[in-house]
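Asker: For reference, the chains in residue letters:
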Amino acid sequence: MRRAQLIAREIFYFFTLLTIVSLILEIIWPHIILAHFNLNWLFSLWLLSALFLLSKK
Amino acid sequence: MFSAFLTKRPFLFKLRLFFFSLILVFVLAFLYLKIVPFGRITYERHWPSGLKSGQGFIYDFSPAERLAKDELYPRLIGDPVYFSLFTPRPFNSAVVTIVYRDHLSSSTPLVELGLLRDKVTRRYELKPLDNKILDTLMAAGGWRREGETIFWQANGAYADLNAFQADLDAGQLKDCSSGPNACLAVYNYALTFPYNLPKETTVSPLELKQPLRGAEDFYVYVSNNQLRLDFNFVDLNQDKAPDPITVNLYRGGELVNSQFLPDDNPRPASGISENKSLSLKETNLSPGVYKVEVKITDDVVIKNLKSSVGKLAFINKVWPVSTNGDLKLFTDANYLQAKAFTPASLQTLFFAGQDFSLSVPYEQFTFTSASPAPVKEIKLTKDDVILENNGVFSWSAISLFDPTLKKVDSHFVLTPAIKYIVAAYQPPSENEGWKTAQTEFDLVGAYRENGRYGFLISIPGLRAEDGTGDYLEIKEIKVELTGRTLWQKIKALL
Numbered sequence: 001m002r003r004a005q006l007i008a009r010e011i012f013y014f015f016t017l018l019t020i021v022s023l024i025l026e027i028i029w030p031h032i033i034l035a036h037f038n039l040n041w042l043f044s045l046w047l048l049s050a051l052f053l054l055s056k057k
Numbered sequence: 058m059f060s061a062f063l064t065k066r067p068f069l070f071k072l073r074l075f076f077f078s079l080i081l082v083f084v085l086a087f088l089y090l091k092i093v094p095f096g097r098i099t100y101e102r103h104w105p106s107g108l109k110s111g112q113g114f115i116y117d118f119s120p121a122e123r124l125a126k127d128e129l130y131p132r133l134i135g136d137p138v139y140f141s142l143f144t145p146r147p148f149n150s151a152v153v154t155i156v157y158r159d160h161l162s163s164s165t166p167l168v169e170l171g172l173l174r175d176k177v178t179r180r181y182e183l184k185p186l187d188n189k190i191l192d193t194l195m196a197a198g199g200w201r202r203e204g205e206t207i208f209w210q211a212n213g214a215y216a217d218l219n220a221f222q223a224d225l226d227a228g229q230l231k232d233c234s235s236g237p238n239a240c241l242a243v244y245n246y247a248l249t250f251p252y253n254l255p256k257e258t259t260v261s262p263l264e265l266k267q268p269l270r271g272a273e274d275f276y277v278y279v280s281n282n283q284l285r286l287d288f289n290f291v292d293l294n295q296d297k298a299p300d301p302i303t304v305n306l307y308r309g310g311e312l313v314n315s316q317f318l319p320d321d322n323p324r325p326a327s328g329i330s331e332n333k334s335l336s337l338k339e340t341n342l343s344p345g346v347y348k349v350e351v352k353i354t355d356d357v358v359i360k361n362l363k364s365s366v367g368k369l370a371f372i373n374k375v376w377p378v379s380t381n382g383d384l385k386l387f388t389d390a391n392y393l394q395a396k397a398f399t400p401a402s403l404q405t406l407f408f409a410g411q412d413f414s415l416s417v418p419y420e421q422f423t424f425t426s427a428s429p430a431p432v433k434e435i436k437l438t439k440d441d442v443i444l445e446n447n448g449v450f451s452w453s454a455i456s457l458f459d460p461t462l463k464k465v466d467s468h469f470v471l472t473p474a475i476k477y478i479v480a481a482y483q484p485p486s487e488n489e490g491w492k493t494a495q496t497e498f499d500l501v502g503a504y505r506e507n508g509r510y511g512f513l514i515s516i517p518g519l520r521a522e523d524g525t526g527d528y529l530e531i532k533e534i535k536v537e538l539t540g541r542t543l544w545q546k547i548k549a550l551l
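Line by line, the protein sequences are chains A and B.
The first sequence begins at 1 in my numbering and counts up by one.
The second sequence begins at 58 in my numbering and counts up by one.
Bound-form chain B, shown alone:
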């Protein structure tokens, strides 16, 4: 029958063969682009956008209110701005190159690119694109570059970074009698050093009765090998997404213990609150600083927390809720960012001896203090206010401790006390006013939903509402992805 068709209608046969071949080529081409058999591919997007053949891989910026309208290039006027990258398969690493034009004032010295690591806590891993504080410092001299690392010294006490690291490991730096925390700052660089409490303080076990909403990270200082944390949670069940609870204990970035509580409620948006509890216990810990990560959604409140150790400090953010009466807490940072979550939370708050007005709901205010005091007091008359800074918070001054080094961020001030700065940073190159910055991310473990990785561009201090007219324009985003080849995948399966 086939041979009869071939001999009787040779033209039709040839025509169909041609069209079938075209379809086969079409399918194979898209399968090639889906599989990426050699494990390397580059996606890019340029502005202004011409006629697009497809939807592309790099999706538009959001939210719209942080972008200027009707501009040739996307103009970022608020912080942060999000975009996503669609990839047809997972990859292991991404080198992101951004070409941009900078019309930013001196109050916004930082441009960073973030990759979404955790959806529940909305945690982004931030990498530098531009740090004008370091650029200024590098222009002034007193620094040396060792590979990707910049090492700055005020007095040239060390010949190189290795000699510096050796002293840091021993816990004592030259020209730095108050300890590394007082005279060393870092940026995008993980320096390890043995942290010791400034003075021996005996702090009794702590019971925190202040409810806190949403994810929290905190440091605990374990001095007697044991740690027990008992949490009571309230799941508000206002959000339709399930609310699992995870509590992780880390030592120097290594996971030591993890406790998980699934959300088995078939009606997670019922509005009926549920009480839950979870405990974490470790009996054979080496003394030192540990980090506790409480991974919960904003639909869950930590109702209370009992800790066997009294040195406990919340990292960067707290969201106190359900307070009876005034609220008093402490921080070590010289600024405080506050956002009233409801109109009922508007108030005059007290920070480091000054009153500040929290006058607009849902808007983040930044209050700066010139107080030299290492510990600053915060007083609130109403709750449901999200408090953030680059330091730590605690509910008593004696509990407060900060084992981290100062960060060269937008709130950094180079004081005479700072003797050393270590940073992993490459300044952007500049051509005809356009800057090109590049950074690399490890995509293993990054959050990917519907084939998309989440990114953000962070310019701390850039606010659309302040009327200063500063902005950043994007001309091009290029992402070079690397992952396993098809052969490596097949090998792994065999």
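Looking at chain A on its own, in the form it has when it is part of the complex:
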């Protein structure tokens, strides 16, 4: 149980960091990610991971 919670937390951290990195890349070079990938999917995954983590707590 504790391990599942740990993984959920790390997944949340992963999506948080990935979102921040994506935003920084987009600010430096506009369209570098948006041309290939819709960041709304990433935000959705980040939000889901956050909700899952909160529900476990």
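Honestly, the hints are just simulated from the structure, not real lab data.
A quick note: this is a predicted structure, and the numbers were derived from the prediction, not measured.
Where a beta carbon is used, it is the ideal one built from N, C-alpha and C, also for glycine.
Keep in mind that the hints are not guaranteed to be accurate.
[As the list claims (entries may be wrong)] Estimated spans, in silico, between C-beta atoms of each pair:
no., chain 1, residue 1, chain 2, residue 2, range
1, B, K338, A, P30, 43 to 49 Å
2, A, I24, B, G502, 42 to 48 Å
3, B, L403, A, W41, 52 to 58 Å
4, A, W41, B, E420, 41 to 47 Å
[Said to hold, decoys possible] Okay, derived cross-link-like pairs now, DSBU-like style, lysine-lysine, Cα gap no bigger than 30 Å in a straight line:
no., chain 1, residue 1, chain 2, residue 2
5, B, K297, B, K385
6, A, K56, B, K71
7, A, K57, B, K71
8, A, K56, B, K65
9, B, K176, B, K266
10, A, K57, B, K65
11, B, K348, B, K338
12, B, K266, B, K439
13, B, K532, B, K184
14, B, K492, B, K109
15, B, K363, B, K385
[Claimed, not checked] Per the computed footprint, the stretches of chain A lying under chain B, defined by three or more beta-carbons under 8 Å from a beta-carbon of chain B, are:
no., stretch
16, 13-19
17, 27-39
Chain A is fixed; fit chain B onto it per the hints.
Answerer: Same frame as chain A, but now just chain B:
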């Protein structure tokens, strides 16, 4: 501390290492796509669009009123239609392939693709996708293909294009006593030949007092080694963008002289007009035809122009404004496209002996004349009308001269006088009703803003308002880009 974390919590360490690796792969993958280290990449877009993972590289067509609504494939019903291509870095060349279905009538025989070269003058370099006039001609015979070039002859006077070019360089073609301009037509092909005025005419220096709005190109014929052009401009300051002025002088495509006047006004949209002047002077020119390019925005008016040479003809377009009374000018084309820029400019205009009604503002009308006269008169009673055709315009018949060859465009008519046609053209291939056409652009010097190159699809004569129901459907656009590799870039820096 790190080793303690590693021994105490090995699972967490492995998990974080895995996620960091994923982020690193993510960043490296997008950097690879940004840099394109091998210098080659292909972007494409297909219709109908499925679920898109990203915004893509080829952006939607505009303006919306030239596209039919709610169709499976983008349906072009007006001319021209614009789209843009986003690239993460500049490239040197682009091979564009378009798959389309053609429901066009015989009045729209041309489909061309254009690349935006100059933002100020909105100049597009046009390349052929489909030319039905040439397709018909090729089907009828009398032509030979030499590489990308098609050479058509009415009477088979030449064995090949080289023999033809040799005679053209000498200024005299077989079976063509009136000179190359009378019996030769080209399409997408730059033929060089020594242009001579049809007869020796002495024309005194010219002063054009008619104000002209926006960018203009014109030819001048220099016969005595000297050229002086004095421009007076009025910057209307109605647009917030700055209005720099550039005047370029070319000889056979080579830049001979360039004059530049920056716009230093900190309030370019103040509405207060500014007078500006600029001169171009050359004293050691070889006699012949020169092209002058006046690069200005539509916020600037050429108030008057003094030219040391009298043979001066405006190319393809004029936009007379601020006229006192009637306006009379001349052209050599057999058609005239006119657009009233304001409702106050609506009128009945006179062209080649006929009256034509310019009855709707902001809409381009095409008036065609069957007159065989080489020079046709145009009379306007009101100004602020944009006049366009594929010929030249001048304010006196004696000033008019056209050093260009006839173009096999939508207004081309194959008359018995035309003995030769030279074109760089590859007809589109066809499969199950879908045509595939390909063309290549040199992207060096092309206009690129916010990472985007501007393109247009031109189908001259296609009008959404005419109710004929003709259209062109696009199924696929593919752009193969080639540029410098990462290693070439590094080498250049070292």
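Asker: Does each hint fit the structure? Answer for all of them.
Answerer: Comparing the hints with the structure gives:
1. B:K338 / A:P30: 43 to 49 Å: Given about 45 Å between the Cβ atoms, the range holds.
2. A:I24 / B:G502: 42 to 48 Å: 33 Å, violated
3. B:L403 / A:W41: 52 to 58 Å: 53 Å, holds
4. A:W41 / B:E420: 41 to 47 Å: Holds, since W41 (chain A) and E420 (chain B) (Cβ atoms, about 45 Å apart) stay within the stated range.
5. B:K297 / B:K385: Measuring from Cα to Cα gives roughly 33 Å; hence the hint is violated.
6. A:K56 / B:K71: 22 Å, holds
7. A:K57 / B:K71: Measuring from Cα to Cα gives roughly 23 Å; hence the hint holds.
8. A:K56 / B:K65: Status holds; Cα separation ~24 Å.
9. B:K176 / B:K266: 28 Å, holds
10. A:K57 / B:K65: 24 Å, holds
11. B:K348 / B:K338: Satisfied, since the Cα-Cα distance of roughly 14 Å is no more than 30 Å.
12. B:K266 / B:K439: 16 Å, holds
13. B:K532 / B:K184: 19 Å, holds
14. B:K492 / B:K109: Holds: K492 (chain B) and K109 (chain B) sit about 25 Å apart, inside 30 Å.
15. B:K363 / B:K385: 19 Å, holds
16. 13-19: holds (count 4)
17. 27-39: holds (count 10)
The structure fails hints 2 and 5 (numbered hints given earlier, in ascending order).
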